[in-house]
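Chain A is already provided as a structure; the job is to place chain B on it using the hints.
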Amino acid sequence: MTAIRRFLPGWLSSYAVLYLVFLYLPVIFLPIFSINTAATPKFPLSGVTLHWYEDLPRTPALIDATWNSLIVGVSASTLSTVLGILAARSITRYRYPGRRAINGLIMAPLVLPEVIVAISMLLVMLQLGLNLSLFTVVLGHVLVCIPYSMTVLTSGFEGFDRSLEEASADLGESAFGTFRRVTLPMVAPAIISSLLVCFTISLDEFIIAFFLTGTEATLPIYIWGQLRFAAKLPGVLALGTLLLFASFVLMTIAEILRRRAARRTQNEGGLYA
Amino acid sequence: MTAAAEGSPPLRVAGLRRSPLLQSEAVQGFALISPTFVYALILLVLPILVVIAHSFWTQDYLTIDHTFTLENYRIALTEPIYRDLLWRSLYISLTVSLLTVALAYPIAYFISFHGGRHKSLWLFLITIPFWTSYLLRVMSWKVILGYNGVLNSGLMGLGIIDEPSTALLYNSTAVIITLTHAWAAFAILPIFVSLEKVDRTLVEAATDLGDGPLRSFLRVTLPLSAPGVISAALIVMIPTVGDYVTPKLVGGKDGVMIANAIQAQFGKASNWPLGAALSVTTMIIVSLMAGATVLVFRALQRLAR
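So the sequences go chain by chain: A and B.
According to the working numbering, the stretch in the first sequence is residues 1 to 273, in order.
According to the working numbering, the stretch in the second sequence is residues 1001 to 1305, in order.
Just chain A, same shape as in the assembly (with noise of 0.2 Å):
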């Protein structure tokens, strides 16, 4: 028995290796083809260059979408985020019937088929007379982006000390003064960690971006349009490869304030728990 106890997270560990290779390969296999010279990827590469890279400022339709997809990120996370202050404030401070069945509510679109979804939205805008563009394709994101930024800022808020408030209070600040002073201090990382995994989100979304935009391409829908030609393949490697990157750093960066904003609060928890 104490064999397979010792034994056991040995074989744990080799598995735990082996997964994680299983989730980053299909990833790390775009930056490899993105500097092949063959316009096929396959191995063995038959030669490194960065001439994929160098055509991609060279392609306005790219330069519009990726504009497209900044103007909708920031939009996007922005307001996300402003509602989720205001949900992850009300569900961690006050305690009110309902309060369960409203939070479900605004969590449901993480477990909902995108797809539908995205149609439904597309029904009523349609039946509202709104015009399809980034404005629809916004009011979309939003929707999907507030169940993660309520989750960030949940753990963020949750744990918040609230005696500190009332001391600010006590000592006779006001209100406002009493949030700007005190609360905003402690939540700011939370409240950034929450605009950047939005941001995020909202520059990976394909789906609602595919049905709710009109006839302005955000990068994910400028990458599904070049798919369709195998000779454009390398580009899509090289634009793949750095919204990869993009994605990576702005998480990374957006971990890390969580977890201060945690700390601050003296709450483990968040994303991952």
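A portion of the hints provided could be inaccurate.
[Stated by the list, open to error] Derived coverage of chain B by chain A (criterion: at least 3 residues anywhere in the stretch with Cβ under 8 Å from a Cβ of chain A; other residues may be distant):
| hint | stretch |
| --- | --- |
| 1 | 1043 to 1057 |
| 2 | 1114 to 1127 |
| 3 | 1136 to 1148 |
| 4 | 1151 to 1161 |
| 5 | 1273 to 1279 |
[To be verified] Looking from chain A toward chain B, a few residues come up when the C-beta cut is under 10 Å (computed):
| hint | residue |
| --- | --- |
| 6 | S90 |
| 7 | G98 |
| 8 | M121 |
To be clear, the hints were calculated from the coordinates, so they are not data collected in a lab.
Idealized CB from N, CA, C, for every residue including glycine.
Leaving out everything else, chain B in the frame of chain A:
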């Protein structure tokens, strides 16, 4: 209602400056959440109601006939093409969710019980690929499994196969592999959370009372982590049934799923009511399947004890 639930007295400033009505915790809390709540009502609940309404209507070219009919549901449930797509989608999402949970459990267990000081590093490493664009991850599987892809060229280079295999891409297996990869983090996290809650002294007690590691795992740890396993299975099952990108990119003809048919009704085929009925049918059936899965897991949990 004035007593705060979390053990500290309510803000005195609120008591001094606000009317008794606003002082009520319920009203304040509700007022604060209402913008987000209303947003979800307008962009989630209302749209779903509109979809349900459409599913009972019919479309004549561009005009919608608002007479109540079950015709769309008859088509959705009896037309062989939709029936097959629905079955395949359910089969794929069930397979993916069971496979993902089975593969994820040992990882979650390893991190929770043997992660030591590096727990959060492990979790971070596991979630990072998940934060990258879903479209790009599916695309990389296409690159791996394709005719001229990584796997084929690799296997040929090693001399294991003589010519590229076409069996890898454009079928439901490719869809299952891709989805299992894409949803891994969603399964690991809930299982990890529930394993973290398992009282370690119970495991020790079982061992002290003579249970071996396997028995104490099966009778203590596994049943206690069942809530995480169940939510992981559901979190993977429900969204994957309506996946659009994966079947479109790696599924080929044999891997088409119901979401592709739904999209077609809102695009080329332009039959919104039928698309709506297909959506509603999919949601109802996947909910039933999810409910059945919960019951099965609960029964297994009881058996284990």
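Here is how each hint holds up against the structure:
no. : hint         : verdict
1   : 1043 to 1057 : holds (count 9)
2   : 1114 to 1127 : holds (count 8)
3   : 1136 to 1148 : holds (count 9)
4   : 1151 to 1161 : holds (count 4)
5   : 1273 to 1279 : holds (count 3)
6   : S90          : holds, 4 Å
7   : G98          : holds, 8 Å
8   : M121         : holds, 5 Å
Every hint, counting from the list given before, is met by this structure.
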